[in-house]
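*Asks:* Take a look at the letters that make up each chain.
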Amino acid sequence: MKEKPLPVPDRDSAPFWEGVRAGELRLQRCNGCGSYRWPARAICNHCHSFDTDWLAVSARGTVTSWVRTHQAFMRAFQDEIPYAVIQVQLDEQDDIQMIGRLADPGLEPTIGMRVRADFAPADGDPPLVVWHPIEQL
Amino acid sequence: MAFDLADRGAIAGVGYTEFSKNSGVSTLTLALRAIMAALDDAGLPPNRLDGIATHRVGDSIPSAVVAQAVGIRDLSYFVDQFGGGGSSHAVVGQAALAVASGVADYVVCYRAINARSEFRMGGTARPAVDSVETQYQAPYGYVAPPQQYAMVAQAYMHRYGITPRHLAAVAMTQRRHAEKNARALMRAPMSYDDYLASRMVADPFRLLDCCLETDGAVAILVCSPERARDLRQPPVLVRAAAWGGGQTLFSNRQPPPGTSSAAVMVPRLYKKAGLGPADVDVAMIYDCFTAAVLIQLEDYGFCAKGEGGDFVLSGATALGGSLPVNTHGGFLSEGYVHGWNHIAEAVQQLRGAAGDRQVPGAKIALSTGAPGYVGGVTSALLLRGT
Ligand SMILES: [Zn+2]
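Chains A and B supply the protein sequences, listed in that same order.
Heads up: take any position in the first sequence, counting from 1, add 29, and you land on this note's numbering.
Mapping of the second sequence onto this note's numbering: position 238 corresponds to residue 234, and the numbering continues sequentially without gaps.
For reference, chain A alone in the conformation it holds in the complex:
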C-alpha cells in the first residue's frame, strides 16, 4: 500500500501548517492593503507589499464546488473510492478557495453548504484541514 502524500511545508507555507497543527486556520494578511492572500507567498498581488502578518481567520466558509472521485489516480486513495473533495470559499474574502474534505466521508456535499474547519490527525504530522457542515438555524 502506497503512503498518502503528506503536506510538505515550504519556506513560504510553514506558518500555515504550524497553524493547522495548533488547531487554527491562519492566513497571510497584507499590511499594505489589508487583503488576505492564498496560497502563501511573500508578496501581495494587489498592492505589492511584502509586509504581512499571519492571522487566525474564522475558519468558516461556503462550499463552491465539489468532485467525487471514482478512479484511483493515486493508489494510496484506492480504499476511499468514491470520495468527495470540496472547494471552500472562506468568509473572509470571496477569492480565497481552499481544497479539502468533509469530515464525514458519507456526507454528500452540496454547492452552497456552509462549513467550518476542523483539524484531523492525518497518518503523519501535521494534521489536515477537514470541514463540518454548520447547522443552519
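The calculated lysine to any residue pairs, modelled on SDA-like cross-linking and capped at a C-alpha distance of 25 Å, are:
{"no.": "1", "chain 1": "B", "residue 1": "Lys17", "chain 2": "A", "residue 2": "Ala101"}
{"no.": "2", "chain 1": "A", "residue 1": "Lys33", "chain 2": "B", "residue 2": "Phe115"}
{"no.": "3", "chain 1": "A", "residue 1": "Lys33", "chain 2": "B", "residue 2": "Gly54"}
{"no.": "4", "chain 1": "B", "residue 1": "Lys17", "chain 2": "A", "residue 2": "His99"}
{"no.": "5", "chain 1": "A", "residue 1": "Lys33", "chain 2": "B", "residue 2": "Glu114"}
Computed Cβ-Cβ distance ranges for the label pairs, DEER-style:
{"no.": "6", "chain 1": "A", "residue 1": "Gly63", "chain 2": "B", "residue 2": "Ser16", "range": "54 to 60 Å"}
{"no.": "7", "chain 1": "B", "residue 1": "Lys359", "chain 2": "A", "residue 2": "Asp80", "range": "53 to 59 Å"}
{"no.": "8", "chain 1": "A", "residue 1": "Arg50", "chain 2": "B", "residue 2": "Lys267", "range": "49 to 55 Å"}
{"no.": "9", "chain 1": "B", "residue 1": "Arg116", "chain 2": "A", "residue 2": "Asp147", "range": "32 to 38 Å"}
{"no.": "10", "chain 1": "B", "residue 1": "Asn18", "chain 2": "A", "residue 2": "His161", "range": "44 to 50 Å"}
{"no.": "11", "chain 1": "A", "residue 1": "Asp80", "chain 2": "B", "residue 2": "Val61", "range": "43 to 49 Å"}
{"no.": "12", "chain 1": "B", "residue 1": "Gly351", "chain 2": "A", "residue 2": "Cys76", "range": "51 to 57 Å"}
{"no.": "13", "chain 1": "A", "residue 1": "Asp147", "chain 2": "B", "residue 2": "Phe(-1)", "range": "52 to 58 Å"}
{"no.": "14", "chain 1": "A", "residue 1": "Arg50", "chain 2": "B", "residue 2": "Ser16", "range": "46 to 52 Å"}
{"no.": "15", "chain 1": "B", "residue 1": "Pro58", "chain 2": "A", "residue 2": "Glu137", "range": "43 to 49 Å"}
{"no.": "16", "chain 1": "A", "residue 1": "Ile110", "chain 2": "B", "residue 2": "Phe78", "range": "29 to 35 Å"}
{"no.": "17", "chain 1": "A", "residue 1": "Ala43", "chain 2": "B", "residue 2": "Arg155", "range": "31 to 37 Å"}
{"no.": "18", "chain 1": "B", "residue 1": "Arg155", "chain 2": "A", "residue 2": "Pro111", "range": "20 to 26 Å"}
Hints were generated in silico from the structure; no laboratory data involved.
In this text, a Cβ means the ideal position worked out from N, Cα and C, and glycines have one as well.
Start from chain A and add chain B with the ligand according to the hints.
*Replies:* For chain B with the ligand alone, coordinates are given in the frame of chain A:
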C-alpha cells in the same frame, strides 16, 4: 511603433506520427518521426532547419537532444518550455515571432509524448509539478486533471444549468467528426446511452467526457510567408497569436467560476488579428474534457456566458453548422497530443485538405490551448488560409 506580427509568420508543414495506446518507441523517436514528416510535407531539406521548440512537463525529450539528432549544426533558436497544454500554442506563436524578426529562418515546433504507455497525466510516476498549490491539495487525494476540471465543471454546471445532455453533445458531435477521420483512435458511433453508460471518473465526468491518453507526436514547421511560398504547401498564415492568463483556480484573483483565464486574453487575440468571433470559419477548441469546450465557446465569444451547452446541442458546432468545432474528433476522439493535433487540423482545414470533414471555403481558423485551469496560463492562434 508597435511590432505587428499579423501574417508575418507562416505554417509551412505539418507532421504526425501514428496515434496509439502504445507507440513502442521513445519520445525522441516520436519527435523525429513527426519532424521528418513535417519537413517532408513542406518539401524542406532537413539541413535548412535552424530552430527547434517544444514544451514539456518532465515527460518528453528536451529540444536540444532532438536538434542534435536532426543534425542541426548552427541552431539559432531553441525553446524548451516548461508547461502543459496551456503552453502549446504559445510555442508556435513564439516561433512566428522568431521568424518574423529574423532570429531564425525555419523553426520546427513539436510535442512528443507517450501519454498512455509511459507518462500518464496525474499518474503516480509523474514528477511533482512546479506548483505552490500541490501541498494544499495532494493530501486530500486531489491530484489529477480530471478532478481539477471536474471541480470547475461542477460549479459551472450548477451556476448555468448545464446538464449531462450538454456535456454528451460535445462528445457525440466530436465522435461523429472522428468517424470521418482515419487518424482518429475512436471512430465507433456514440449514442447518448453509450455516453451515460460509460463509467464515472470524477463527477460530473464520465469516461467519455475525458480525452484519450495517447502516444504520439505532432510537428509544425514555421517560417516567413515569403519562404513558405517557395515550399510545397499553400502557406497558412499566423494572423494572430496570444498567450496569457496567469491566475490558477486557487490563487486569489482567479477568474469567476465558469470563466477561464482565456477570457482575459481573448480580446487581445481578436484585436491583434483585426477579426472577431463572427469571422472564424472553423475552431479547434481545447477539449481535455467536454466542459472545457463549453466554457471556451463562451469565453471566445461564440455565444453568451452559460449558453455553450445549448449552442452545441443546437448543432452549431457540428460539420455543416455555423461553427464546426474539432472537426478531427478532438482530444476526445482523435487523440490527445496536448494541443498540437488541434493546430495541425486547423492547418488542414485552411489548406482545404481535410477530406470528408472539410469545412467548405474555410479561411479563418481558431485553435486554442488549455484554457488556464490548473497551470493558469493559456495561449491561442488565429490562422488564415492563402
Ligand atoms: Zn496588499
